[in-house]
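Visitor: Throw the hints in and build the complete structure from the sequences for me.
Those protein sequence lines, which keep their order, are chains W and P. One point on numbering: in our numbering, the residue at position 57 of the first sequence is 57, and numbering is uninterrupted. With positions in the second sequence counted from 1, the corresponding number in our numbering is that position plus 1000.
If you're looking for bench data, these hints aren't it; they were derived computationally from the structure. Every residue gets a Cβ at the ideal spot worked out from N, C-alpha and C, and that includes glycine. All the given hints hold, so there is nothing to weed out.
Listed below are the simulated PhoX-like cross-link pairs for lysine-lysine, each with C-alpha atoms no more than 20 Å apart in a straight line:
| id | chain 1 | residue 1 | chain 2 | residue 2 |
| --- | --- | --- | --- | --- |
| 1 | P | K1030 | P | K1048 |
| 2 | W | K21 | W | K96 |
| 3 | P | K1128 | W | K69 |
| 4 | W | K21 | P | K1106 |
Derived DEER-like restraints, expressed as beta-carbon distance ranges:
| id | chain 1 | residue 1 | chain 2 | residue 2 | range |
| --- | --- | --- | --- | --- | --- |
| 5 | P | D1116 | W | L11 | 35 to 45 Å |
| 6 | P | T1074 | W | Y47 | 42 to 52 Å |
| 7 | P | T1113 | W | Y47 | 34 to 44 Å |
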Amino acid sequence: MRITQGAFSFLPDLTDEQVSKQVQYCLDNGWAVNLEFTNDPHPRNTYWEMWGHPMFDVADAAGVLYELKECRKVYGASHYIRLSAFDASHGWESVKLSFIVNRPQEEEAGFWLQRSEAEGRTIRYTTHSYATRKPGGERYT
Amino acid sequence: MSNAEAAEAAHEATETAVDLRAEYESSGVKAVLEELEHDLIGLAPVKKRIRETAALLLVDRARKRLGLAWQTPTLHMSFTGNPGTGKTTVALKMADLLHRLGYLRKGHLVSVTRDDLVGQYIGHTAPKTKEILKKAMGGVLFIDEAYYLYRPENERDYGQEAIEILLQVMENQRDDLVVILAGYAGRMERFFESNPGFRSRIAHHIDFPDYADDELFGIARHMLAEQNYSLTPTAQDALKEYIAARRRQPHFANARSIRNALDRARLRQANRLFESAAGPLDATALSAIDATDIRASRVFQGGLNPDRDAPA
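Guide: Structural data, given as structure tokens:
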């Protein structure tokens, strides 16, 4: 199951050229671009790991693409990589744009729905990612 | 792709001729070259080389538009010359020129030295160098005194690591980044000898000659005019003598020495006005530098005291 998180996720994956144009848009707005990666694709997992530092003083998208390629070399086969643009200006101080730029090569495993019976006739639902049944190093490989 | 480029691409199919002259003016290259001619005194061989480079790039671009065989030219350069001969200034202009010709997307200049590229412990160098390279992408990376990157006397020096990363990016990302190496001629020559990889990746070697006395004088007037100062006729003679005398003394750094001398002359002028002024001063008095302000320099008293660093 193809996961859909962040912007553009219902579109076909962006090519590097398209990514580069999005990044240039972010940089031209003065946003700091970050690269993050994870192998736990649960939508409520907000703790993705950062690749390097936020790129505050990069002027051109080529610098970000360079890091993205470096990150893909290491995590491209087994991890999701996303790119997020942080607006540090006063009053915003938040992420303005975030989208996935890399998916694991293995088919994305998807989620199962877990029901649990609670008091009375209440039923609680929770979702688990199939990927997270394996330990961190073995997912998507 | 910008609108202009898109229009260009659409136009491409029907285009059979290019008007170089019109191209020269519309691309803004003319403005940069004229600015160069106007702002920089002397440096005739440098200006000639830059004009040639601009012509080459302009023709290359025209060839591309007509669909002739074309590839991104190697634009990495090395600037050699003594201190204060305008290497950084010309690098700034070069960045602007390449940006207007469309070879650089941003056209900014990132000026670094060894300290910015080379780390202090194992594993520190690569991230540092990459950080700088990322910052410079889309513009020009200007490495001042580049030969310090290579220290043959210490085989475990981390400079070698920075050199390898630089070479790799210079080769693979020629569209994204132009590297300019700068330094004194002799030491740059030795640096290239021990790093053949650099020599072969650098297409343009530009040598900056020393300034002649009258050129330095022209530069001094230019600097003063920018700051709204003027020289009295006696001060002009004094400054000419100063330049001739300063050149024979140690640590002479061409235009930089002149700038420092002018800064000190302004200091003395302010002091003189402050101590001697009896009444209100007008703008002429405030901006006139007199012969006494220049003749007080230690250069006229037989030169620099070797124990003291800064000439006064």
